[in-house]
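Asks: Here is how the chains run, residue by residue.
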Amino acid sequence: MTQAQVTIGVDIGGTFTDLVMLEPESGRLFNEKVLTTPDDPSRGVLEGIALILRGNGVAPAQVMRVIHGTTLVANALIERKGVPTALVTTAGFRDVIEIGREWRYDTYDLFIGVVEPLVRRALRFEVTERVGPDGAVLAPLCDDSVEQLVAALRGVEVEAIAVSLLHAFKNGAHEQRLRDRLAAAFPERTICISSEVMPEIGEYERTSTAIANAYVQPIFRRYILRLSQGLKAMGIARDLFLMQSDGGTVHQSTAMDFPIRLVQSGPAGGVQATTLIGRLAGEADLLCFDMGGTTAKACLIEGGEPTRSTDFEVARMFRFKKGSGIPLKVPVVDMIEIGAGGGSIARVNRMGLIQVGPDSSSAVPGPACYGQGGADPTVTDADLLLGYLDPGSFLGGDMALDRAAAAAAIEARIAGPLGLSVTEAAWGIHETVNENMSQAAGIHALEKGRRADRFVMVPIGGAGPVHACQVARKLRMRSVICPLGAGVASAFGFLASPMSFEFVQASVSALDGLDIAALRRMFGELEAKGRELLSKAGIDASAFGLRIQASMRYQGQGYEVDVPLDPKAVAPGMQAEDLQAALQAAFEGAYRALYGRIETGMALEVVSWRLVVASPYPDLVPQAAAAGDGDLAAALKGRRPVYDGDAGDFVETPVYDRYRLAEGMSWAGPAIVEERESTLVIPAGSRARIDRFRNLIVDFSYPAA
Amino acid sequence: MTKRLSPIQLGIVWQRLTGLMDEVAQTFVRTSFSVVVRENWDLACSLMDADGRQFAQSSRSIPSFIGTMPRTLQGMLQRYPRETLEPGDVLISNDPWLGTGHLNDITMVQPIFRGDSLVGYVGSTFHSVDIGGAPSVTAKDAFEEGLCIPVAKIRRRGEENEDVIAFLRENLREPDETLGDIRAQFASYVLAANRLLQLMQEEGIEDLTEITDEILDRSERSMRGTIEGIPDGEFSDSVTADGFDTELTIRCTVRKTGSEIEVDYAGTAAQVPWPVNCVMNFTFAYSAYALKCALDPAAPNNDGCFRPIRILAPEGSLVNAQRPAPVWARHLSGHYLPFVIYRALSQIVPERVAAESGSPLWNVYFKGVGRNDRKFVKMFFMSGGYGARPGSDGPSTLSFPSNVANTPIEQFENAVPLIVTAKELIPDSGGAGQFRGGLGQRLSFRSASPQPLSFVIRHERVKNPPGGLLGGLAGAKGVDLVNGEKIPAKTAMTLAAGDVVTFETPGGGGMGPPDRRDRPALLRDVADGLVTAEAARRVYGADLAEGQ
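From first to last, the protein sequence lines are chains A and B. Heads up: the first sequence begins at 1 in my numbering, then just goes up one per residue. Heads up: the second sequence begins at 1001 in my numbering, then just goes up one per residue.
None of these hints come from the bench; they were simulated from the model. Errors might be hidden in some of the hints.
[What the hints assert, rightly or not] The list that follows gives simulated cross-link-like pairs (lysine to any residue, SDA-like), each with its CA atoms no further than 20 Å apart:
| hint | chain 1 | residue 1 | chain 2 | residue 2 |
| --- | --- | --- | --- | --- |
| 1 | A | LYS474 | B | GLN1015 |
| 2 | A | LYS474 | B | ILE1419 |
| 3 | A | LYS322 | B | GLU1203 |
| 4 | A | LYS170 | B | GLY1075 |
| 5 | A | LYS322 | B | GLN1026 |
| 6 | B | LYS1463 | B | LYS1477 |
These numbers come from a predicted model, not from an experiment.
Using the sequences and the hints, build the whole thing.
Replies: Right, dumping it as structure tokens:
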């Protein structure tokens, strides 16, 4: 059918593996969906690729790139299905990973549980050595203790070894020597050193990251090798690329060295899709709102770039609470995740108030309206009774929803006990979960030093569009942009991502003590390393760009503000004073925007540098839809009573077929727009319109504050 | 008048209030200048209504500060009555008898105005490592313990009060750090006021007290509901603190009648001329906190929870000390209160309580001259093991009843000329039991300073270990050593370059008889070296030859 080159994005979800194929020349997009094959996910991926090629008459040789995102790494950590792993650390510190940070993430729970280390104590070993806080060697790495270590490691059954020594982020020489010795002694074992996995200060978090990387690496490697062999056998000669948690893609060989950087691979794809959708719609400041069955995630995109962080926590064991999971220092798109999804369970708490989540009814029995025997009322049950979801067209009609079961559950558990009508109770559930989400998103924005109200929301995920407009209004946002096919956003996002690799280098220095020559050298080395890692992608290295960010604070503070730095500021010929002035001005601007004040007479310091080597964003413009005849009536599927919270009653509301909405159409809310995987609820008082990429944009207005 | 609140609206507003206070705490922490605020999170932020009733606070808060805040506000209002307050004013004090019980905790409060009317207060308490003076284990009265800031307006109508600032700057060793933290809170109060007013406008709330009434009433009902389910009666027990020249008994009687509980400390030792005396505020705070954890942990915390609770302590006793008793290390008594309450409660509701933890909280102050030739005072926290619970082992090294995080070694060594040579668990320190207590930790510091470097400690549980419950055994006692020689647990000493000081924190008590311990769990402990083979035989009576 086509002779042009194509790129393919593949995202493995819990139920489905989504595929998106793009023909860059024409901008044409093709979607495919196959069942995920949990026993060996690569099988589903290969089947899906074969299907999408065959179905569209594309030959394997036309595939110029396959970009893949996977939950394999996250799942291995959550389910604790990594390989048996040992830890090697500085003498006296083998329990750092078990001692943790000593605080309780829940103030009142006497029965609090703490995360169990991935490496049990019997498999944690020590070596005699010591590096000081400035990187100087206080005690050399003792050869005898290394040989004793090798002997001890021979006696244990492990597949991977993580090495994390104190202050190795300042001086990694001892870790490197250990790695070389252990690799020689145990060629069949995976060895990871903390100074390579993530050279950041903080022994607990860095050690945790090195361990997690080692723990998942052997399984990840086997998976990637199986997949790339499968692709070759299929006739796709190109190497595989993978989506990292920070929204950049890398070659398979780099991904195999640092699999922990893929811990948030899929969600990062969704964020990159959001970024592209915003770019096409002319919006650069976005809030990606991804609501699924069990959780909701939010991420800010600013100036066309997702906000990033190097702090992440996986496998939270208690109510998604910060502090209850495994801490990781990895570059990630900075997301919050809370226990608020379509399946979140509503109950009346001890205060006599409605509480939603954080727990959810799993797929079976699921929400009461699934008719599988679930007795707990959920968000989906409330959405159904309020008329937001249609019992007959959920998931394109594949699953009929049972209104009576939903009403019975809400009556029994919420409306009855509170003396409310079923409708009032359903609205209470809906509003409560919206409040949960808007509050979490608002606090997240503040933690990033932003205010949510100047962002535009892009909802993705199955349940996102149902709640998007109400959440956006609570946050006083201007608009919601709802892309077509929000359900396959992640796979699409893989195609929309640049090739990139990020380095973080901890290096505390007073602003007035910055050594510009040393910085120039460090940036040069990291940039060269980044280019080398990326050039495997077969992209012209001259196209790679360099972004530098300084993490800065007042001396004495412990939290930093990220400040972008133009690489030209360290170009030959520039003076230290120029660099300092540029950094100070940028810092003060950012700090004031964040906290409303600056401190006078306090010295500044740079804590770390973040350096990203990246290709430009792919020049990806999906084919614009053919303009329709502008007849909105043709898209009208019917009308149904839909609850309007402001009016406090049901209002007869038009229901539109998303697939028949075309560029240029516009109308006033209230309205419902249905597509296969999701339903958009457009409230009264807002206006909706369709842009030339068939995005549906809802605009809100507010009374002046 | 606001329209009658629906439970739906109340739920939404309540959620927003809690979220708001988390934003306030975040703003404070992220702009603070001290390790103790940002790493140890030694702070709390609260919201009170126009009547001074606390109805919301930051979710991660130091338990004692939550309990003392409303009482501190009342004390401040006696000095500056409500009608003397203007928009942009901030009140400050660290008076131990108004505040949290020692000078190092500074409390500030800002009134929030809507137009001309005062609608509430935002307040916060934080720990300042230095507060001037010479706090020491031998202080005989509170005057020696540092600067007491009487209730004063540190900000007037949004402008800093230069006199108060100058007073502080002149009396503090690290004025930039403490004043930096104070100013960080100014920014967070502005945010709190703006957010609260926005919330009132958006939700159409004219009178905030209608909301706070509902919040407090519902919280009260929830607490009463649990209390009613417990049999009536009177239950007593006591714990013994190491003390200074003599051991100190803390005795408590829990009287439960209907939906109310009274905790009475009659029988507790008299106040002493050592800095371990608790003021009533502190006693109330930790007693109320302990009851909330055991009885109604899931409900949000506010003044309503404590209406059914009465705390009594004889005037002049260790737990209701009168001016000018020395109070600097008052947690050395106060942190025992949850444990003595749980000992009494274990006689009626054993399923709701934990065995004793390896606390009062251990810490050490180091003083000396840093690499930059400036004097420094740095505090380092180190938690002991947490007590075992019915159904689960106590986690090792977890802060309770306080809730402070530790300082990463890599950051600590960056700040001070000390090298940490060990931070490790101590085998066999967890109290044996069907469920084992958490392990304590060993921390060793070697001085790398060419100049003398001094340290101050005041540690408990070196004579009386954390007790077990229901047949569980005690955890290990704590130990302090310099160059391998035992030293007193309450002392100030000087280290020469190369000297090593070692602290071994106590382990948590066990729960239930050791011979009922699940065998695979015991074998796993032995394999991991948490319990030695010798202890497994001697204490648990396990024959390890078989099954290993």
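Asks: Which of the stated hints cannot be reconciled with the structure, identified by number in ascending sequence?
Replies: 2, 3 and 4
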